[in-house]
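Enquirer: Here the sequence shown stands for residues 3 to 77, numbered as in the working numbering.
What follows is a list of derived Cβ distance ranges for each label pair:
{"id": "1", "residue 1": "Gln60", "residue 2": "Asp22", "range": "15 to 25 Å"}
{"id": "2", "residue 1": "Glu64", "residue 2": "Ala28", "range": "20 to 30 Å"}
{"id": "3", "residue 1": "Gly46", "residue 2": "Gln12", "range": "11 to 21 Å"}
{"id": "4", "residue 1": "Gln60", "residue 2": "Gln12", "range": "14 to 24 Å"}
{"id": "5", "residue 1": "Ser69", "residue 2": "Ser24", "range": "28 to 38 Å"}
Just so you know, these hints were derived from the structure itself, not from any lab.
We put the CB at the ideal spot given by N, CA and C, even for glycine.
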Amino acid sequence: MDPPLLYSGQTYRGAGCTDDCSGHEAGYEWAELHGIEDPDDCGGNSYSFIEGCVLYAQERAEEADPSGDEEEDQE
3 MDPPLLYSGQ TYRGAGCTDD CSGHEAGYEW AELHGIEDPD DCGGNSYSFI
53 EGCVLYAQER AEEADPSGDE EEDQE
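Work the whole structure out from these sequences, hints included.
Expert: The structure is reproduced here in structure tokens:
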């Protein structure tokens with residue numbers, strides 16, 4: 003899904019909003035409610051909803067690994 007071309011100047015956690023950011027808020031809250039940790043698990047019919055969900059998942063990943071380094075399994 004392509005991002006909308008017009009932004010209102012408002013942002014939600016750094017993401018540009020087309021109107022009032024309600025789609026971003028709804029996606030973020032949905033992801034929080036469902037414990038989404040992987041951005042690939044975000045879906046929906048609204049770009050802003052998906053983006054809000056992805057923002058939540060990315061924040062969880064940053065909290066889990068604040069250094070930004072990904073651990074590799076070494077067997």
